[in-house]
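**Student:** Spelled out, the chains give:
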Amino acid sequence: MKILTDTGLLFKRKMLETLRNPIYIIISLSTPVVYLVLFAPLLNKLVGVKGFTQGQVLNVFIPGLLVIIAFLGGLFVGFTMIDEVKNGVLERMRVTPTSRFALLAGRVLRDLVNVTVVVVIFALIAIPFGFHLEFFGFMVLLLLLAMMLITTSSFGNAMGVILGDEDRYAPIVQGINLPVILLSGMLLPMALAPFWLQVIAHFNPAYYCVVAGRLLAVGRIWEPQVLYAFLFMVPLTVITVAWATRTFRRAVS
Amino acid sequence: MPEEPVVLTQGLKKYYPSRKGEVKAVDGVDLAVRPGEIFGFLGPNGAGKTTTLRVLTTLIPPDDGKAVVAGFDVAKEPGMVRRNIGYVGQNGGSDRPATGRENLVLQGRLYGISPAEAQERAKELINLLDLTEFADRIVHTYSGGQRRRLDVAIGLVNRPRVLFLDEPTTGLDPQNRVNLWTQIEKLRSEGATIFLTTHYLDEADALCDRIAIMDRGKIVSEGSPESLKREVARDCITIGVADWKDNVPRLLEALDERGLALEVTREEERLRLCVKSFAIALPQLMRLLEDLGIALETVELSEANLDDVFLKQTGYSLRDLTPEG
Numbered sequence: 001m002k003i004l005t006d007t008g009l010l011f012k013r014k015m016l017e018t019l020r021n022p023i024y025i026i027i028s029l030s031t032p033v034v035y036l037v038l039f040a041p042l043l044n045k046l047v048g049v050k051g052f053t054q055g056q057v058l059n060v061f062i063p064g065l066l067v068i069i070a071f072l073g074g075l076f077v078g079f080t081m082i083d084e085v086k087n088g089v090l091e092r093m094r095v096t097p098t099s100r101f102a103l104l105a106g107r108v109l110r111d112l113v114n115v116t117v118v119v120v121i122f123a124l125i126a127i128p129f130g131f132h133l134e135f136f137g138f139m140v141l142l143l144l145l146a147m148m149l150i151t152t153s154s155f156g157n158a159m160g161v162i163l164g165d166e167d168r169y170a171p172i173v174q175g176i177n178l179p180v181i182l183l184s185g186m187l188l189p190m191a192l193a194p195f196w197l198q199v200i201a202h203f204n205p206a207y208y209c210v211v212a213g214r215l216l217a218v219g220r221i222w223e224p225q226v227l228y229a230f231l232f233m234v235p236l237t238v239i240t241v242a243w244a245t246r247t248f249r250r251a252v253s
Numbered sequence: 254m255p256e257e258p259v260v261l262t263q264g265l266k267k268y269y270p271s272r273k274g275e276v277k278a279v280d281g282v283d284l285a286v287r288p289g290e291i292f293g294f295l296g297p298n299g300a301g302k303t304t305t306l307r308v309l310t311t312l313i314p315p316d317d318g319k320a321v322v323a324g325f326d327v328a329k330e331p332g333m334v335r336r337n338i339g340y341v342g343q344n345g346g347s348d349r350p351a352t353g354r355e356n357l358v359l360q361g362r363l364y365g366i367s368p369a370e371a372q373e374r375a376k377e378l379i380n381l382l383d384l385t386e387f388a389d390r391i392v393h394t395y396s397g398g399q400r401r402r403l404d405v406a407i408g409l410v411n412r413p414r415v416l417f418l419d420e421p422t423t424g425l426d427p428q429n430r431v432n433l434w435t436q437i438e439k440l441r442s443e444g445a446t447i448f449l450t451t452h453y454l455d456e457a458d459a460l461c462d463r464i465a466i467m468d469r470g471k472i473v474s475e476g477s478p479e480s481l482k483r484e485v486a487r488d489c490i491t492i493g494v495a496d497w498k499d500n501v502p503r504l505l506e507a508l509d510e511r512g513l514a515l516e517v518t519r520e521e522e523r524l525r526l527c528v529k530s531f532a533i534a535l536p537q538l539m540r541l542l543e544d545l546g547i548a549l550e551t552v553e554l555s556e557a558n559l560d561d562v563f564l565k566q567t568g569y570s571l572r573d574l575t576p577e578g
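Going down the list, the sequences are from chains D and Y. Residue 253, in my numbering, is where the first sequence stops; the numbers in between run on with no holes. Residue 578, in my numbering, is where the second sequence stops; the numbers in between run on with no holes.
To be clear, the hints were calculated from the coordinates, so they are not data collected in a lab. Not one of these hints is a red herring.
Derived, one-sided and incomplete: chain Y residues facing chain D with beta-carbon distance under 8 Å:
{"no.": "1", "residue": "Gly345"}
{"no.": "2", "residue": "Pro350"}
{"no.": "3", "residue": "Leu363"}
From a predicted model like this one, the values you see are computed outputs, not experimental measurements. Ideal Cβ positions, reconstructed from N, Cα and C, are used throughout, including at glycine.
Let the hints inform the model, and build the full structure from the sequences given.
**Tutor:** Quick look at the structure:
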C-alpha cells in the first residue's frame, strides 16, 4: 500500500519538524490564552443576558475559542506550503513516484495532531478558570474540530500550491478569517444579533461548530444542533479534501 | 550497435496562454541525448530551457509532439519516467528543517526502497558528493554550495538513468561553481546521463560533451562545444593603441576601407576584430597600423568562444543579456 506508506513517511517528516521546534505549540496557545485572560473577564458582567443562559460565561466562550483554534490552525499552514513550493520541495517530490494524495494527507495529519494537542492543552488550562468540561461530549467535540481542521488545512495547503506566493495568500486569509470569526458567534452569542446577521451566520460552518461546541462541552451530545453541525461539516470536509487532492494531483506550481 | 537515446523528443511543443495570445515557450524541439553523455542546454532566460525540462520530467504535459525519456513516453507513462530519472530544480528541493541524511533517506523511501537500503544509499551518496562534514546538520545551516551538493545527491538516490539539472550553478560563487563542476564530472562514474541547462557559456564549454543552443523556444544549433566553435570559424584579435581618442576614428575608417575584419566591436579602450584567420590578418593589421603611424600598445589573440556561436545563431550576445530571474 504505497499510498499509506507514503502518507506515513510524509507525516513523520512534518511531525519531526514540530518536535524539533515545539515553539509552534506555544505560539498557537498564546492567542487563546490572551483571549482567556484579557477578554473573558469582560463577559462576566453579561451573565443572564440573552445567549448566556447556560450560566457559566466560560462555557459560552471557551468552546468558541476551540473552534477558532482549529479553524486558524489549518488556514495558516498555507504559508508553510508556500515556503516549500518556493524551495522546490514539492516539485522534487512530484518528480518521484510518491502518491499525490499522500503529499496532502501527510501534512494534514500532522496539522491534526498539532491542533488536537493545542486544543486539549488549552481546554485543560481553562478548567481552573471555571470552564466545565464533560469527557464524552469533549470527545465528540474533538471529532468536530478534527473535521474543521482537515477542511481548513486542505484548503490552506491547496491554496498554497495554487498561489505559491505569500503576498497573494495573505489577503485571502485576511478576507476569510475576520467574517468567519465574527459570524461564528464566538466572541458574543449570535442570539444577540439582528435577524439579518443571524441569517448570514447560518452559512458559516464555524457557527454550527460553535453552537454545537457549547452543548458538547457540557455533555449534551444528543441535541439537534450537534447533528446540524455534523450534517454541515461532513460534506464540507469531503468536498474540500477532494478538491485539494485534485489540486495536488495536477499542481501547476 | 548504436545505443538508444535516453532522451528523445520530436516536434515537442508547449504553449502558454497570455494576454497577447499564446506564448510559444517550446516551439518544436527535436533532441536526442545519448547514454552516458553530459548534455547541455544553453540559452538566455526565457528561451524555453526550463519549460522543456519540466516537460521531460513529467511536471507539465506537452501540448504537441513526443518525448521519450529512459524509454518511456512522458505523456503516456509518467510514472515509469519518474522511476528512472532524477531531477534537481532551480530552487533545489531539499527540505530545510531536516538534516541532509534525513533528506536522502526520505527520498529513497519515497521511491519504495526499504529503510535499510535507503540508509545504505544515503551513506554512498554522502561519500560520493563529499557531504560527510555536514550530512547530519539541519539544512537551514548549509551554505549555498553545500545545499546544491545535497540537492544533486537527492536527485541521484534512485540511481536514475538520466539526471536533470536545471541551472545547477546559478547563484553560486566561482569557487563553488568549479567545485560543483568537479562533482558533476565525477557522476560519470555512476553511469548516469546528465542533462543540464545553463546560461553560462564557460559552464557549457567546460562540462558538456554536447550542447544545444536554444533561443525563443527553438534549438538553433547543436553539437560538441568544439564543433560549434569550428562552425563559426573565426579568430579574434583584441588591440589597444596609443592616443586612443585621436587614433580610433582613423583606424576604424581604414579598417573599413581595406575590409580587413569581418566584424569590429569596441570594448572600452580596446578594439576587438573578428577575422577569418590570424595568419593572414595579423600581418595586414601590422602594416595598416604602420601606414597610419599608430603605435600598438597591447594585442591579444583569442579563438572563437561559444558566445560567438551564440551571436551568430541568434543575432545577439549572451553577455548583453541581463538575467531577468
